[in-house]
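> So you can see what is in the structure, the chains are spelled out below.
Protein chains: 2
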Amino acid sequence: MESFAVGPLNKVRRPDRGNYDKAAVHSVLDEGLVAHVGFIDHGRPVVVPMVYGRVGDLFYLHGARAARFAKAMGAGVPVCVTVTLTDGIVVGRSAFHCSMNYRSVVLHGEACLVGDPAEAERALAAVTDHLLPGRWAESRPMIEKELRATAVLRVEIEAASLKARSGPAIDEPEDYELPIWAGVIPLRFVASAPEGDARLEEGVDIPASVQARVRR
Amino acid sequence: MESFAVGPLNKVRRPDRGNYDKAAVHSVLDEGLVAHVGFIDHGRPVVVPMVYGRVGDLFYLHGARAARFAKAMGAGVPVCVTVTLTDGIVVGRSAFHCSMNYRSVVLHGEACLVGDPAEAERALAAVTDHLLPGRWAESRPMIEKELRATAVLRVEIEAASLKARSGPAIDEPEDYELPIWAGVIPLRFVASAPEGDARLEEGVDIPASVQARVRR
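Residue numbers (the working numbering), protein chains in the order written: chain A, 1 to 216; chain B, 1 to 216.
Hints were generated in silico from the structure; no laboratory data involved.
All values reported here derive from a predicted model rather than from experimental measurement.
Treat each hint with caution, since some may be false.
Same chains, same names: a pair is fine if it fits in one copy or spans any two.
What the hints assert, rightly or not - Distance condition first, Cα-Cα at most 25 angstroms in a straight line; then the derived SDA-like pairs of lysine to any residue: (1) K22 with P49; (2) K11 with W181; (3) K22 with P133; (4) K145 with E119; (5) K71 with L147; (6) K145 with Y176; (7) K145 with G32; (8) K71 with E202; (9) K145 with H97; (10) K145 with A67; (11) K71 with V6; (12) K71 with M50; (13) K22 with C112; (14) K22 with P173; (15) K71 with R199; (16) K145 with S94; (17) K145 with C112; (18) K11 with V77; (19) K71 with A159; (20) K11 with I180; (21) K145 with L178; (22) K145 with D16; (23) K22 with M100; (24) K11 with S94; (25) K22 with D87.
Can you build the whole structure from these sequences, using the hints too?
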């Protein structure tokens, strides 16, 4: 089982909650939809939500070439990318033991602008197919002008970890006798029926990508 | 209508997507569950998911007093707090116009440890009731030892903005004639039936807070 090396950047303080297994980290990245990307801009922390894609151990972001992130992050600056899945509200008998069940991946690395057009196109396919698996092949192909307007950033992963909590509330031993409810409220992120565009051409059906996403 | 002042820290580049109205910012903070909190630690950006609470314009975080965030953020350091609600997948006829519908609040400010026990307790009530409205009053009251073990941070909001996208895909004019499906897949975050703790006392019913959360 391949793992990320544990070091000061990614060591999870609570050993029972940390996981460095690559397959586990990848599965959270694949299930998440939006990453929160942190970087330093003019000496201050900035956190922006972004869609993303993964190709093996490579992590990709994209955006308009003119946007703040591309200017601030394009030159090999350190970034921290966090993807969080919220699985439930943990209701303890005391407020002190109320909590969340979650899975959260934190990546540290350097972001750099992708210069190679072939790599940029593979990355954009990965980002599109992460948002909606299979959509890249269904879409009208990207044209030169669009590729030029899009900045693609590759994050070389230096360190990564998965932190997770699951299961019931852990109350104080004496609190289990209290007449207070405790338990877990499971949370899920669900898709509902797709809303077709008002200007769809006649006879165009809902594609496989959308059908699969709604069933998931 | 009260608004946050617009300055270099919070100006949204795309004017059609930016909103500085306090009530709009607050409503996203109130609907979100987890904030992604960015700070600088040893010269690098760090982004951690955290639950939070709001009391008027005051934003509160909490955690174990021993945790990294409290040590790194307790002394009036700049933080960036981002709360993102993902409302839908926007499916364009081209990959270039695939996108997300979302509402995202970014706060900039300084975090400082709350020293006043009364303010700390009000903040912890706000955090608990943000996770599950009404839970603070239902829970076994916090005891001195628990309050001492908990660090509460107040973020003084210097700048804030809401950025949002909604509505259908905006495709290239010539792409509307293509026989390619486009539309929006709405996404929602839902709670399912609560799972009672295995050690519940007999006759303890599901409380109002949990019932309301599941119905929401």
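> Taking the numbered hints from earlier one at a time, note which ones the structure violates and give those numbers from smallest to largest.
2, 7, 8, 14, 15, 20 and 24
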